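Undergrad: Sequences are here, hints too, so could you generate the full structure?
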Amino acid sequence: MTRRWGLRLVVIAYLGGLLLAPVGLVFYRTFQHGFSEFWDSITTPAAIHAFQLTIELALIAVPLNAIFGVAMALALVRGKWRGKPLMEAIIDLPFAVSPVIIGLAMLLVFGRQGWIHLPFQVIFALPGMALATVFVSLPFVVGEVAPVLHEIGDEQEQAASTLGATRWQTFRRITLPSIRWGLAYGITLSVARAVGEFGAVSVVSGHIAGKTDTLTLLVQSRYENFDVKGAYAASALLAVLALGTLFVMTLTRREDT
Amino acid sequence: MIQLTNVTKHFGDFKALDGVSLDIPDGSLTALLGPSGSGKSTLLRVISGLEQPDTGRVEIGGEDVSGLPPQKRGIGFVFQHYAAFKHMTVRDNVAFGLSIRKRPKEEIRTRVDELLGVVGLEGYAERKPSQLSGGQRQRMALARALAVEPSVLLLDEPFGALDAKVRAELRGWLRRLHDEVHVTTVLVTHDQEEAMDIADRVAVLDHGTIQQVGGPRELYDKPATPFVMSFLGPVTTVGGIMVRPHDVTLSAEPSNGALEAQVARVVHLGFEVRVELELPLGEQVSVQLTRGEAEQLELKAGDIVYVRTEHGVTVSA
Chain A
1 MTRRWGLRLV VIAYLGGLLL APVGLVFYRT FQHGFSEFWD SITTPAAIHA
51 FQLTIELALI AVPLNAIFGV AMALALVRGK WRGKPLMEAI IDLPFAVSPV
101 IIGLAMLLVF GRQGWIHLPF QVIFALPGMA LATVFVSLPF VVGEVAPVLH
151 EIGDEQEQAA STLGATRWQT FRRITLPSIR WGLAYGITLS VARAVGEFGA
201 VSVVSGHIAG KTDTLTLLVQ SRYENFDVKG AYAASALLAV LALGTLFVMT
251 LTRREDT
Chain B
1 MIQLTNVTKH FGDFKALDGV SLDIPDGSLT ALLGPSGSGK STLLRVISGL
51 EQPDTGRVEI GGEDVSGLPP QKRGIGFVFQ HYAAFKHMTV RDNVAFGLSI
101 RKRPKEEIRT RVDELLGVVG LEGYAERKPS QLSGGQRQRM ALARALAVEP
151 SVLLLDEPFG ALDAKVRAEL RGWLRRLHDE VHVTTVLVTH DQEEAMDIAD
201 RVAVLDHGTI QQVGGPRELY DKPATPFVMS FLGPVTTVGG IMVRPHDVTL
251 SAEPSNGALE AQVARVVHLG FEVRVELELP LGEQVSVQLT RGEAEQLELK
301 AGDIVYVRTE HGVTVSA
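As given, the protein sequences belong to chains A and B, one line each in that order. For reference, each letter of the first sequence is one residue, going 1 to 257 in the working numbering. For reference, each letter of the second sequence is one residue, going 1 to 317 in the working numbering.
What the hints contain is simulated information worked out from the structure, not anything from laboratory work. If you're wondering where the values come from, they're calculated on a predicted model, not measured in any experiment. No false leads were slipped in.
Partial pick of chain A residues on the chain B-facing surface, computed with a CB cut under 8 Å:
id : residue
1  : 158
2  : 162
3  : 164
4  : 166
5  : 174
6  : 177
All C-beta atoms in this analysis are idealised placements derived from N, C-alpha and C, irrespective of residue type, glycine included.
TA: Encoded structure:
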């Protein structure tokens, strides 16, 4: 009994010290001088634009990664081909490599002196930032869906095919409902990652205020310009976005069971 | 009729099917019987289209279906572990094939209710598979397979995951169902008793080849190979000849052609008595007697008896 409580205390102290206290402090500082100051700070044109850009990037990256994540998970778990271990390693690359390196690599590939020249601007513009966001949030859906696919096995899918279902019908009516919680969790993590991405986007955005600043970049630039309150306000907004995503997922999950 | 011609299938270096040819008549209930790794499940999956053979031909009802996917073969398939659609109710499970075929809602409803009646699951329609017992899940899977009115019903060790009592119950039930519905049925099993009990034809497989095909009695009485003989029931070897333990007779007096043996052990198993003998050359023989026979002989360890094997089934080992 006491030992279990000891373990709990360690966990609570660890989470409290490292997670809850700093996040709590951000909220405290944000609302210290009332709500209107916070509101003013997040409704400046630069802040609204940063907010919109953040959402936009997430709306591009998350659906792409959801679709390709499920397709890749299917290929990895159901497919019979060589080089699957290599593929798995490549998918985890965004975890292994620092986002800053990814940003720099993109500069090398798509930059002014880069290898690839597209008819539209990639670096210091939306396409580059979207690409960076897609890259850093890539492994989440695959990572959550693949183990679920593995666990449910393919007997239900085989049964559906013997009952006349085409591959698409089987996917829609059997596979997708079976993986829905893994997929939802993967999407939640992707949203949180996409919204909170800093390193790679920082490198490829060029920090053009009111143009390529996302919320995370806005926090940084405000802080560097001695607008500490503004930085706190933007941070609080980011935290609300992330917490909101988690909350929605927990809620839908509870309704199901 | 299902007609298989010279079907082979490899998994890597393993030869699962080695030139199998087999005819399965319309309306029959045929068991594919064999030990694990004999190729019986692979053969069933080749018929269903879930597995593509390396070479050979599969015909169902005179039509060559070798290149067709399972969706287009007009089959129903029942898996050992039920393969229930976990996120659907029992009703939606059974209705799946019909709703894929876009039948009218009213028709689907009637048909599903009818089938749930056939498999004894009335009142369970709105439950999830997780709320059913193993036997109920398998009956649901059967109803689901029968819903699309398949020309062939394929069952892959359908009772293998159930306990002995439920298994025996479902076996009898499936037999009666087959007598009513008359759909050509192929059942895979490793349990010879199950095959003999339920099937009107049995194909015995070993190492990817068909050893013998015939009615249950025919296989038991006229086994073509030592493998079939030993797989279909207990055997003992007397003087290099395989024989059923109950086809060996013992007597206290020597006679022409009888072998002398010493009783090593007498085991009373209720109505039956098992006598373990040792021949002079050290050969061990197990004999099955009725209690009356054993009492008449007054057998005990160390006695000398005379063994005869001339009646009953024998195969040279």
